[in-house]
Amino acid sequence: MNDETKKQINAKYERELQRGERFWPDSIFKDVVVSLGLFIVLVLLATFVGVENSPKADPSDTSYIPRPEWYFLFLFKFLALYGQIPVLGKIEWLATVLVPTIGIGLLTLLPFIDKSPWRYYTRRMLPLTVMGLIVIDMVLLTMMSDIPTVAEDGSKLLGLLQTTAGLIVPGLALIALFFMAYKRDENPVAPMLWTLGLAAVLMIGFTAVTLALAPPAEAEEAVASTLVDQITAGQDLYSVHCVECHGDDGKVTVIEGVEGLEGKEVSPINSRDVLYTLNDASMAEIINYGRPDAGMNPFGKAYNAEGLTKSEIDYIVLFMRYNWDDRFEKPVFKPLFPPLADGEVPSYDVHIAPMVKRYCVSCHRAGKENNEFVMTSYDEILTTGDNVDRNLVAGDETSYLLQVIQGHAILNEQGEEIIGVMPPKSTLKAEYIDAWIRWILNGMPQTAEDAAKLFVAPTPAP
Amino acid sequence: MWKKAYEWLDERLGLNAMYTNLLDRPEPRGNWWNTLGSASLFLFIIQGLTGIFLTVYYTPSPDHAYDSVQYIMNGVAFGWLIRGIHHWGASLMVIVVFIHLLRVFFTASFKYPRELTWLIGIGLLITTLGMGFTGYLLPWHQMAFWATTVGTQIAGTVPFVGEFILKALRGGPELSALTLQRFFAAHIWMLPAVLAGLIGVHLFLIIKHGESHYPSQDE
Ligand code: HEM
Numbered sequence: 027m028n029d030e031t032k033k034q035i036n037a038k039y040e041r042e043l044q045r046g047e048r049f050w051p052d053s054i055f056k057d058v059v060v061s062l063g064l065f066i067v068l069v070l071l072a073t074f075v076g077v078e079n080s081p082k083a084d085p086s087d088t089s090y091i092p093r094p095e096w097y098f099l100f101l102f103k104f105l106a107l108y109g110q111i112p113v114l115g116k117i118e119w120l121a122t123v124l125v126p127t128i129g130i131g132l133l134t135l136l137p138f139i140d141k142s143p144w145r146y147y148t149r150r151m152l153p154l155t156v157m158g159l160i161v162i163d164m165v166l167l168t169m170m171s172d173i174p175t176v177a178e179d180g181s182k183l184l185g186l187l188q189t190t191a192g193l194i195v196p197g198l199a200l201i202a203l204f205f206m207a208y209k210r211d212e213n214p215v216a217p218m219l220w221t222l223g224l225a226a227v228l229m230i231g232f233t234a235v236t237l238a239l240a241p242p243a244e245a246e247e248a249v250a251s252t253l254v255d256q257i258t259a260g261q262d263l264y265s266v267h268c269v270e271c272h273g274d275d276g277k278v279t280v281i282e283g284v285e286g287l288e289g290k291e292v293s294p295i296n297s298r299d300v301l302y303t304l305n306d307a308s309m310a311e312i313i314n315y316g317r318p319d320a321g322m323n324p325f326g327k328a329y330n331a332e333g334l335t336k337s338e339i340d341y342i343v344l345f346m347r348y349n350w351d352d353r354f355e356k357p358v359f360k361p362l363f364p365p366l367a368d369g370e371v372p373s374y375d376v377h378i379a380p381m382v383k384r385y386c387v388s389c390h391r392a393g394k395e396n397n398e399f400v401m402t403s404y405d406e407i408l409t410t411g412d413n414v415d416r417n418l419v420a421g422d423e424t425s426y427l428l429q430v431i432q433g434h435a436i437l438n439e440q441g442e443e444i445i446g447v448m449p450p451k452s453t454l455k456a457e458y459i460d461a462w463i464r465w466i467l468n469g470m471p472q473t474a475e476d477a478a479k480l481f482v483a484p485t486p487a488p
Numbered sequence: 009m010w011k012k013a014y015e016w017l018d019e020r021l022g023l024n025a026m027y028t029n030l031l032d033r034p035e036p037r038g039n040w041w042n043t044l045g046s047a048s049l050f051l052f053i054i055q056g057l058t059g060i061f062l063t064v065y066y067t068p069s070p071d072h073a074y075d076s077v078q079y080i081m082n083g084v085a086f087g088w089l090i091r092g093i094h095h096w097g098a099s100l101m102v103i104v105v106f107i108h109l110l111r112v113f114f115t116a117s118f119k120y121p122r123e124l125t126w127l128i129g130i131g132l133l134i135t136t137l138g139m140g141f142t143g144y145l146l147p148w149h150q151m152a153f154w155a156t157t158v159g160t161q162i163a164g165t166v167p168f169v170g171e172f173i174l175k176a177l178r179g180g181p182e183l184s185a186l187t188l189q190r191f192f193a194a195h196i197w198m199l200p201a202v203l204a205g206l207i208g209v210h211l212f213l214i215i216k217h218g219e220s221h222y223p224s225q226d227e
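Top line first, the protein sequences correspond to chains A and B. Our numbering applies: residue 27 is where the first sequence begins, and numbers increase by one. Our numbering applies: residue 9 is where the second sequence begins, and numbers increase by one.
For the record, the hints were derived by calculation from the structure and aren't laboratory data. Ideal placement from N, C-alpha and C gives every residue a C-beta, glycine not left out. Watch out, some of these pointers could steer you wrong.
Claimed, not checked - Straight-line distance between alpha carbons at most 27 Å, and here's what the computed DSS-like set of lysine-lysine pairs gives:
id, chain 1, residue 1, chain 2, residue 2
1, A, Lys32, B, Lys216
2, B, Lys216, A, Lys116
3, A, Lys56, B, Lys216
4, B, Lys12, A, Lys38
What the hints assert, rightly or not - What the simulated footprint calls covered on chain B by chain A, stretch by stretch (three residues with Cβ under 8 Å from a Cβ of chain A suffice, anywhere in the stretch; the number is not a length):
id, region
5, 47-59
6, 89-103
7, 111-118
8, 195-207
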């Protein structure tokens, strides 16, 4: 740029200043309005959306799907799609290093690459359309970031669609734009805009198809964020993993009914002896590593793929502290489910599932002795068990399940016991038994909506 | 009385000169797009203020980081609000800075005499993203831990020096207490210092050259 052009630019700027505004108060006013608006948005987001919680970091849990801050997602997706390209896709550093470096490099050196004095939009069609293309691609890649490139059944259709939307179409459009900018004589404003528009429509179209075909996202397991939630989660985990040896209240001193450990003496883990001598860290350590020499298996993820994560172990420790350790004051708990009104019909989702999780699943899951009666899901409860046709019979008060939870063991014709009372070493609270009875008598509805349809308003007493 | 105090201060600080130089400047006619730079600055200040509050309770060790953040959310009065603002402010700042970049790109404001303003701006963009990357690990939750594992792994694919970069970022072959310590130091000391310094130069250049005007057809 020679001095003459510079002079012209500066003179033009002086003229613009003459017919311009004052920084104070004209510009500042707008600045303050926007900043204030952003502040309000922030407070609203913090109050009504909050911060998503995720479990504590656990270096042994490699099954976790990493998820960066959302504004890096487009890069992750780009890498994933790039990996689909044959041959080239295998050279990782081309995508991880070369492409971003070139991107940032071009952006940095922009004032030295584009040295022309032209500033009006139609005279800068190439940079503007290319930037437009890139921004659209970034947005679309971000939107597709959660969708796998290979479906569960091995179909690559999704991957192909995404690659088309995110790499192929923008790539072709890029080539076309450069071609037009350099090959045409007159300034090709309209054709370049058309190219950008067409590419955008195609990219958005392919993305829309991808999103429509994508499998619905799995509901993520909610993370317990309040103390009460954490203790409750700990209690559920304790019920599943620990009850068989330590009992539901931690009182057990002699293990009964556990293969290989029959008659083994243990210190009651609800006692001061244990709770006062072990601090939280060593307690978590014991659950993590187990007491293999004494017969307690390690529960940590590091030792067993099905095991507990760091957060889950912490929840169990919290549960033990707040229930048994007299130095801790138990916070107020939500009941397992809201109390049932007269005539209200309980549902599996709201009422039965939490009870089953707390009181039955520790024994009624795969790999335990339970007459093959698995209770980990709605369907399994209805379709498994040696006595499946008698356990839950819609409308039948003599369903085996109802009998055993009310303290009547089931005997066969010879008078031998085939099913003992359930749960074997304790009794359910009356309101829980009542919920079971209402549920089975009304045909075992699964969802809250199904149950609501069965609601019969109690007839007022005359 | 007030007048006297003002005059005394003005004599020593040059308040009047500051007013004419900083505030009472002529500017080309602008529009709402011109507010994005000051909005970025505002968000930077908000992040600084809320961040300082967070460091009062946050503990940068793998054993306590997660719990200290949980405590901020549940135990500290208005901790949830401060953390919420800091969390969303980070995302918003990235968006606003990026749109600010797009605006100066589309109006070709990076051309003579504002090339250096643009260069410093790129430094600001990279540092802002660096703040996001380092801040994300601090709560030490699963999502962050594994995202950072993968993120640093990507840095490790650079030919020849990748291994070195990886170890420098992680402070060892694996993510560990050292990594957290390092990211913490970068997030609260190094990067903010860089950011503040660069913003200073950025603003100086803007006042020196004035904001660019919107181009007309003959330019
Ligand atoms: C923390 C981040 C940043 C802050 C606080 C900041 C602040 C500002 C402010 C207050 C202005 C004047 C008002 C306006 O035009 O909006 C401005 C202008 C400018 N910024 Fe930034 N900026 C940041 C990032 C960037 C980035 C990422 C770039 C581009 C690479 C950039 C390039 C420019 C340019 C070229 C101008 C001059 C615009 C003109 O004169 O019309 N800035 N910046």
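We went through each hint and held it up to the structure:
1. Lys32(A) / Lys216(B): holds, 16 Å
2. Lys216(B) / Lys116(A): violated, 49 Å
3. Lys56(A) / Lys216(B): At roughly 21 Å apart (the allowed maximum being 27 Å), Lys216(B) and Lys56(A) satisfy the hint.
4. Lys12(B) / Lys38(A): violated, 43 Å
5. 47-59: Coverage by chain A holds for the region 47-59 of chain B (4 residues, Cβ < 8 Å).
6. 89-103: holds (count 12)
7. 111-118: holds (count 5)
8. 195-207: violated (count 0)
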